[in-house]
Amino acid sequence: MNLADGVQIVSFGVLALMMLGAALGVVLLENIVYSAFLLGGVFISIAGLYILLNAGFVAAAQVLIYVGAVNVLILFGIMLVNKRQNFVPLRNAWVGKATTAVVCLGLFALLGAMVLSTPWAISTAPVAGDTSTVVIGLHFFSDFLLPFELASVLLLMALIGAIVLARREFLPDALEREQTQQPVLTLPERPRELASAAPGSPDRTLGTSPTKRNV
Amino acid sequence: MNSGIDLQGSFIQLLVDLGLSAEAARVVWLPLPMLLVLVGATLGVLVTTWLERKISAAAQQRIGPEFAGPLGMLIPIADGLKLLVKEDIIPAKADSLLFTLGPAIVVIPVFLSFLIVPFGQNLLITDLGIGIFLWISLSSIAPIGLLMAGYASNNKYSLLGGLRAAAQSISYEIPLALSVVAIAMMSNSLSTVDIVQQQSGYGILGWNVWRQPIGFLIFWIAALAECERLPFDLPEAEEELVAGYQTEYAGIKFGLFYLGSYVNLVLSSLFVSVLYLGGWNFIIPIEVLADWLGVSESTPWLQVITGSLGIIMTLLKAYLLVFLAILLRWTLPRVRIDQLLDLGWKFLLPVSLVNLLLTAALKLAFPFAFGG
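Protein chains in written order, with my numbering: chain Y, 19 to 233; chain R, 40 to 411.
Hints listed in this document are in silico derivations from the structure and should not be mistaken for laboratory results. Note that beta-carbon positions come from the ideal geometry of N, C-alpha and C, so glycine has one too. Possibly wrong hints are sitting among the right ones.
Just the calculated beta-carbon pair ranges, DEER-fashion [as the list claims (entries may be wrong)]:
id	chain 1	residue 1	chain 2	residue 2	range
1	R	279	Y	96	43 to 51 Å
2	Y	141	R	53	53 to 61 Å
3	Y	176	R	60	49 to 57 Å
Just so you have them, the derived chain R footprint on chain Y, three or more residues with Cβ under 8 Å [claimed, not checked]:
id	stretch
4	75-84
5	147-160
Required output: the full structure, derived from the provided sequences and hints.
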């Protein structure tokens, strides 16, 4: 075993451990922000595995799309939602858990069957290496044209949906009425605290106002 | 195209001649480029901070640093030493793990991007096939570190600063990438060496800035926004947000943010000079000069001169752009956050798409001038 092989095996082990550990952390940790950051770790480790497989372009695309876009979006979503809600225990919680278990086991069985049934013959074609961008482009515009176009139509639909939501032209009536009732100059999610404006306070604020003192 | 200096090959050959095995020689070689990147980038930052002080002083009709060394050149070292030995404070209610990890995640991708900055035909660390795409994808990791720092500080100004930084770098990434796509379309490659090669041949007239003037402006504006330089330093707008995501940081962790932002500025300037200003090319092509003087291209001393001239030209162009960025910082007012996002999404994005279409059309119409 020469140096390059050793480096490859060690990096594969480190990356696999990192990926599995981070993935377990995503699922098992209580803190949702930690889960989101660990998800970024999972994506980075997958990119590392792509590099080990001589797929540099796929690795860079993985980092750009999954870490730079998807994960940042998830973090944004978590950090911009400041609604605190007490956890109400559900009555038939086990139904949900059982369904999740069944779905997960089914997925695992499906993937396992796929792994076992696929003939994992290593391709004898020469490694694309630096010309892989050309090969990927050729595939996109020949035999993978339909999935490629379908994905772009899907993204276009998501884009239009986001714009429609952001324009706020189609808000339901009830929500608008609720907003007009709120006092002016307050944010909708944080109503002004009325407790501090106790009956005694107006006099005090008047008494200490600078105009009064000057007189 | 493997003429010229091959440092790695000659170094390994030298060690093999001294009696080491080829593999051991490679192991000895491995850490050298890494060290070179770290030292080179840090030196670049030291020079940039000194320039920042001197040029800001000149813009405000002051003298600037004067007594620490000749022309105050030791000021950056004093700065660095101060940040190194300062007490490292982690706020009591901060999330100490994420608080420590944040600056590292911001800094590491920036240093990694130096892998593909070419200073000459063979004077770069790796000539990757995906080249410039690596930089785009690495620079998209930084927002995660900024969000992490902002969240872990447990401070509303930090969180707002982190969210603003992430929003800003996501919105300006798109025009940046689109203007790079136009360049890649013209040079038929993503590799930085190929991009510079395609601009060489006609001296200053062959540089991409003449063929891509709109792309050049978009790239420069977007790069300034990615570096969070004024007029786009909204994430740390001191009148509104104290210091944004850096508010709670002190000592070396603050130093890492500081270093990261300046390294990013130097890196962006280097990439502008590689993509648009002909990289290591001199104003007149070296080959033409050699022809006039009647010197063969493979003469050793000419190759050494070509190599050093390449490094000097790349750095000269990059530091001209750094000078421009510093001058912009000390003369322009800051934009508002809504103006910033409007500029990114409603102006730069459509303009860069038009630029891309125009480039494709010109490439089809005039293949000899736009890289057929």
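Hints versus structure:
no. : hint                       : in the structure
1   : R:279 <-> Y:96: 43 to 51 Å : 23 Å, violated
2   : Y:141 <-> R:53: 53 to 61 Å : 39 Å, violated
3   : Y:176 <-> R:60: 49 to 57 Å : 56 Å, holds
4   : 75-84                      : holds (count 5)
5   : 147-160                    : holds (count 5)
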